[in-house]
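Undergrad: Residue numbers (our numbering), protein chains in the order written: chain A, 8 to 319; chain B, 33 to 349.
Just so you know, these hints were derived from the structure itself, not from any lab. For glycine and all other residues, C-beta sits at the position ideal for the given N, C-alpha and C. The hints are all genuine.
Just a few of them, taken from the derived set where beta-carbon distance is under 8 angstroms, the chain B residues facing chain A:
(1) D68
(2) L173
(3) G284
(4) A305
(5) M321
Derived CB-CB ranges, DEER-like:
(6) A:A107 / B:P69: 48 to 56 angstroms
(7) A:A62 / B:L277: 19 to 27 angstroms
(8) A:E99 / B:F259: 47 to 55 angstroms
(9) A:A107 / B:N117: 42 to 50 angstroms
(10) A:I208 / B:P69: 15 to 23 angstroms
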Amino acid sequence: MTASTLPEPIARAAASTGIKYGFRRPGSSPAGKTRRSNREGFKINWWLTALMVVASLTVLLPLYFTVAMALKSPDQIGTGTGLEWPNPMNWENFVAAYVATNFPRAFMSTAFVTVFSVLGSLACSSLVAYAIARNWNRKFFRGSFVYLLSAMFIPFPVIILPLIKQTALLGLDNPAGVVFLHVLGGISFNTLLYIAFVRSIPVELEESARMDGATTWQVFRKIIFPLLAPMNATVGIFAFLGSWNDFLLPQMMIADPALQTLPVVQMLFQGEFNTNYSLAFASYLMAMAPTLVVYILAQRWVLSGVMRGAVK
Amino acid sequence: MTTTSRVAQTARPAGRKRPTSAPASPQRFRSKHKIDPAYYWMVVPVLALFAFFITLPALVGVFFSLTNYAGYGDWKFIGLSNYVNIFKDPAILQSYIFTFVFALTTTVVVNVVALAIALGLNAKIKWRTGMRTVFFIPMVLSALIVSFVFNYLFSNTLPVLAEQFGFTPLATSILANENLAWLAIVIVTVWQAAPGATIIYLAGLQSVPSEVYEAADLDGAGSFRQFHSLTLPLIMGYLVINVILGFKGFLGTYEIIVGLTGGGPGMATQSVAMRIFSGFTGGDYSYQMANAVIYFLITLLISVIQLRLIQRRGVSL
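With these hints in hand, go ahead and build the complete structure from the sequences.
TA: In structure tokens form, the structure reads like this:
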């Protein structure tokens, strides 16, 4: 642990000698090279860049493979490694997969679960966090916080069997039941994220609104919730990804196969024999596309949101 | 909707009274005087649902672990015999060994890979934004579907390639090999989980001020020495978080196994979670509930040990 004491003296020494940004080790970069990479503001490490490009193939190759497979005819799949690009391309696979999985119905079911899980998570967690953070000196609210957090120690497999029996008894063996559990299952973590954020909002902001006769609910809705926007994004992203991609809960809870969500529907192609792989991969691609498209369109926003969750 | 409107009505008088009766110190007012009931309405319904859907099933599960309930029909108390039998069950023992070996290996590999990617993304490379986009893609994809894709790669593409290059050990699918199937699960789990850990490391690396490196540069420290003596100690807290979150998550692994091996070949890759879930259809409901309770106690023990370690190291989360 001697190393951890290192930075400060070194940093101070550097500061006292007046060295600031843009320092380069003498002689390490010829003038010509520096000028060429000026746009980036630093000297580019091309070896590392090449290494990272190769490493990124581990991500891109399976995706390319999925697309290539989705465009093949069964005959084209029978030969080779599966990595060859199909010629001619078989776009009918998507139509066939669309029909075979009843895509619109599965999509709507997944969208229902996801939308309400996101809305529920945002509303419940922020309300609970607000009430707890603003009444921290009261035993009841501190106790509620500890109670919610302690649930983070209970692994999901432990409650799943009785839970499914219970939801079935209540008639919640459908997407609505899954929404309930997505919201409640995430509430511990989300509340934790929100509480730190609510604490950073000065109470004075609320007090002036109360002077004007605003109720606690109005204060929350008009002042607190809008101020929570960055955390809402973080919680929303986690809830969206968790819900859309969840397999365990829908698979175990939803009794009616017609109401199953997209990930579970993909089990259809897992028969031991006569699997139509071109159909299966077209279907996989269609199930993955929504999150992929949303991510690529909003990636800066998504990454900063997830990063915020990571730092907390 | 009826509850909220009722709450709004009861809450309003309290809100109006507040300004007129507020004493000099607002802090004292809040702790000594009547609290706005609206705050209770914000917490209590959620707590009630939480208790009903999360805590109650846990208690019910513990209760049934002491019976011989098969999931249907009659049952009676049988004391701790389920627990005794579990300790004598080689299949259960095997699933615990698999789960722990898998979780440990995956935690190590995920953290090494994630740290390497984070260092790469944080370094002076070209196309940084684009690379970041690519490396985080696995995070947004369904683990189950990803495993289906890899299932084909492992069982068809890889053997064909291995045969073309004359590399016989891989000429048969590793998913069908009792000793190697778990490695396939590790690979896919790493593929899926590394981006999440990378983000945490990236946040850690960006919290290190660049002056520190410039100073080390000035002192002539090479890049390996810089990583070992500066970067690693400075992001230790992030490493601890990743190890704890990762290990706990990998213990409960399920979807990726379903997508790759389904627990096979034989029972070689059956995780504890899969065993427990099998109690739902397998007629050994109470037996698997006892298994679940033991699993809970073990994870609780691990969490406590981890928290102790964190406190001793003085790592601030």
